[in-house]
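Trainee: Starting from the two chains in their separate frames, assemble the complex, guided by the hints.
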Amino acid sequence: MAGDTLTEAPRTDAEISGLDALEIAGRDKEVSRGARLWAATWPKLAALALAIAIWQVVVWSGWKPPWSLPGPVVVGEELIRQASGAQLWEGIAITLRRAAVGYVFSVAVGLLVGLAVARSRVLRAAIGSMITALQTMPSIAWFPLAILLFELSEKAIFFVVVLGAAPSIANGVISGVDYVPPLLLRAGRNLGARGLNLYRYVIAPAALPAIVAGLKQGWAFSWRSLMAGELLVVGISQTSLGAQLTYARELADSPWLLATMIVILIVGLLVDAAFGAADKAIRRRWGVLDQAGQ
Amino acid sequence: MTSTTTAPGSATTAVALSGVTKVYGRGANAVLALDGVSLDVAPGEFVCLVGASGCGKSTLLNLVAGLDRASGGRIALAGDASPGLMFQEAALFPWLTVEANVEVPLKLRGLPRAERRERVAELLRTVHLAEFGRKRPHELSGGMRQRVALARTLALDTPVLLMDEPFGALDAMTRDILHDELERIWSERKLSVLFVTHNVREAARLADRIILLSSRPGRIIWSTEVDVPRPRRIDSPEVASIAAEVTDRLRTEVGRHGR
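Taken in order, these protein sequences are the chains called A and B.
Just so it is clear: in the first sequence, position 30 is 30 by my numbering, and no numbers are missing.
Just so it is clear: in the second sequence, position 216 is 1216 by my numbering, and no numbers are missing.
Bound-form chain B, shown alone (with noise of 0.2 Å):
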């Protein structure tokens, strides 16, 4: 089994992933999550990585955001800054106001004081809270407590972003907003966003490539590129047409499962 070296990658890729292989347990016991991942993200782009229940999605995540140690492989990230990492929930800590949680990576960095004000103001402005900033997480609805961590998630000022199904809990509505709203922060900001949806219309709406994972292990079976132009339109026929497309291979490899 090969180690995990974490290198700085090179120019042209933001995040580079090369057989990377997750077992969880040991002996009779040990489950294959991932198996052999290989993937490069390059700089600026949005990639979807989609898969049904199993596909170890969030263990990939986990694995680029250096929060797990990958069993094989290896993962380069460009640059020394570590990746940002959105969830489902937004995990705010309750216990801090919305300017507060923000401004928690900045006071782990070292920032002075008034340059953490003007960074947090600053980041709730992108993320339109910027009234918000002296309520507490339970105050907001789960929409604006996502913004808030996705504020909170900038604040660390790296150019890769790593997001587990981020609108997965949000109503229709309000996750067609964020959509517009992430697109823009990620085109502002020249960010690369690895993004974990099963969600393939949300995949559609927003990557510029969408990656296929198999369920138990997870490998990538197939990829795409989307070539539909944006700003973008989550119900408009181009977008409709490629999730199609997606959902066909998907429901295959889910049939695969079946008895």
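If we strip away everything but chain A, and leave its shape as in the complex, we get (with noise of 0.2 Å):
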């Protein structure tokens, strides 16, 4: 009856951590890192070569005038030669200094929207669907008010590419808190998470898979907004990466319009692998990584 310890539990102890093993055997597969890195690598490293390679033949197919369209060798030789000087270099650095301005502030203002529209019925009424709208806008498509507005100017630049990461990251927070399991924001508040609470214990961990899924698309608009911004609005520029391919058209100097060109692909994939490595890792932790696809 209730109230009395009971005199021996009938099952041992060791009952129970040989079910415990039984159960979890086999689920800690380690595979080298070495290993898992070749895997993830040569598909790529095989990608790339194809991609050259198909490069080489439109070449030499002579479908294009050399000078219009030249071959992975020559293109090769001008990155090089662009590395080894400084104005390469200085076009990253002014480029990657406006984008991370640009996307710090889109960030902050994305989180905050997101936030008071998942929050607020009202608000998420008035401007839930004006957001998803504001996605869609192809971002070029703002330049010409963006300039109305602000001139040729760095301003102009910013505004755009606020425009277009923003509505993206608070897109993420505002289905990352929808999609909270309601199962989870039950157990969080019986176990007395209330209020700001349970926003810190229960919804913002739990949201923080969609929201990276909306900072790395927020970053995606707002480096094809940049790129677009700094092929519109030249002359006030000093020699960012978007002037210098405008710079190497009009000298129709097309090596080093398509080294360029490569420099803005590798910047944007280094980003985007740095967010990958991100939401990888929060995938781990939170056990939902196919463990063949890792």
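Rather than coming from a laboratory, the hints here were simulated on the basis of the structure.
Small disclaimer: the values here were computed from a predicted structure and weren't measured.
From the three backbone atoms N, C-alpha and C, an ideal C-beta is built for every residue, glycine too.
Watch out, some of these pointers could steer you wrong.
Label pairs and their calculated CB-CB ranges [as the list claims (entries may be wrong)]: (1) A:A40 to B:V1254: 53 to 59 Å; (2) A:L37 to B:R1216: 55 to 61 Å; (3) B:V1031 to A:S175: 29 to 35 Å; (4) B:T1224 to A:L183: 31 to 37 Å.
Far from chain A, some chain B residues (derived; all Cβ distances over 12 Å) [as the list claims (entries may be wrong)]: (5) S1053; (6) G1079; (7) P1094; (8) E1122; (9) D1180; (10) G1258.
Partial pick of chain A residues on the chain B-facing surface, computed with a CB cut under 10 Å [said to hold, decoys possible]: (11) V31; (12) S32; (13) R33; (14) R36.
Mentor: Shown next as structure tokens:
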């Protein structure tokens, strides 16, 4: 009856730990880091080699004259020449600084707006669908207005970058908060998390994967907007990457143009890889990472 | 309609429900989920609520846990601690380790770090998971996850435990062991348990008292004391004969809804 302490537990501890051991056996499969890195790397290298080969074949086919479409070797040499000069690095620095400022501001706006919309029913009804509408607007379509408002200036670029990135980030926050499993909310509330604590202990961490996805998409949008901006708003600019593209076109210097494009691609890929790593780390912690896919 | 109040229960009841009613929806679409449920759980008593689908078992636990409001009646709990609630799924936070999961309610209660560590270690020992503190929930089996959830609920230091089919998704062997574990912890900590299940054998194995709920709307239609001495075995003839009696009553109740 209630209150009495049971004389002897009918099961021994050995039985429990035995069952535990059987049930989680074989779950700790360790693959060496080198093997994993190689498995992730070789398909990328193979794809790169294939792309360069196709490029070379197109050049050899004589589809376009070599001064408008140079081959990979010529472009590679130009890239090395650029990399040893100051101009390219200066361009990268200018562009990345703009990207960073615009993106950080977008993150702040996106997080605040997203959280406000996720929390308030009225705000959601008012601007929830407008955020999605903003997201579908091609960022380059903002430039005429931006130029009228801010003239050919840094501000015009900044305006468009933020308009491009912030809606994606806000949407990430909104969907993250919306899809927090109700069971976890109930558990959190039962454990004593109310109000702000519910956000801190349950909602924010549960929404993190969706927020990171929004941040990643926001980055892609801001990078594209920035490139479009630098192409259009030349003149003010020092030699940003976008400005260099424009100069290369005007000088019909196609190796320079292609080399700069490759640099832009590499920067985009590197940042994307950083987001990918963050995303993967989160999914591994959560245990939702497909074992075969890592 | 009377309003629901939560007031301290008397010394002889851990949970006291009187005339608890729950209506979902309004007007023509209103569904009566619980109809005048009155029920007292004594301190240290293990009560199993048994019923077929649609008897409002989970609704009842939500009301007692304070996660939902009753449409009428009174719910009183002994002391001021809110009851702990366990679900069919462990509902662990996947972004936290086992230790950190158990630590959450301690953090929310503002315990200092050193004390939290001590308590977490003690609670994990209680559920035989002392070596698994650094694991993440997805690295554990379903039964182990439920034990973590139990440790996390115990960290609330509440005298009342509400359990919503907590072992429903487990295999028979694991469930068997968890019955022993729960019985031991309940007895050591002198908990009052309100345990919802549709498994009548489980009810007969665990309960001091079994209460049968009707379906649509949920009403208490029958109850029985289980006098089998503890520790019990789920396959003992005494447990089986009580289970058979409850099953008969349950079938009669389910039959009422047929055409």
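Trainee: Tell me, which hint numbers fail for this structure?
Mentor: Hints 7, 9, 11, 12, 13 and 14 contradicted; others consistent.
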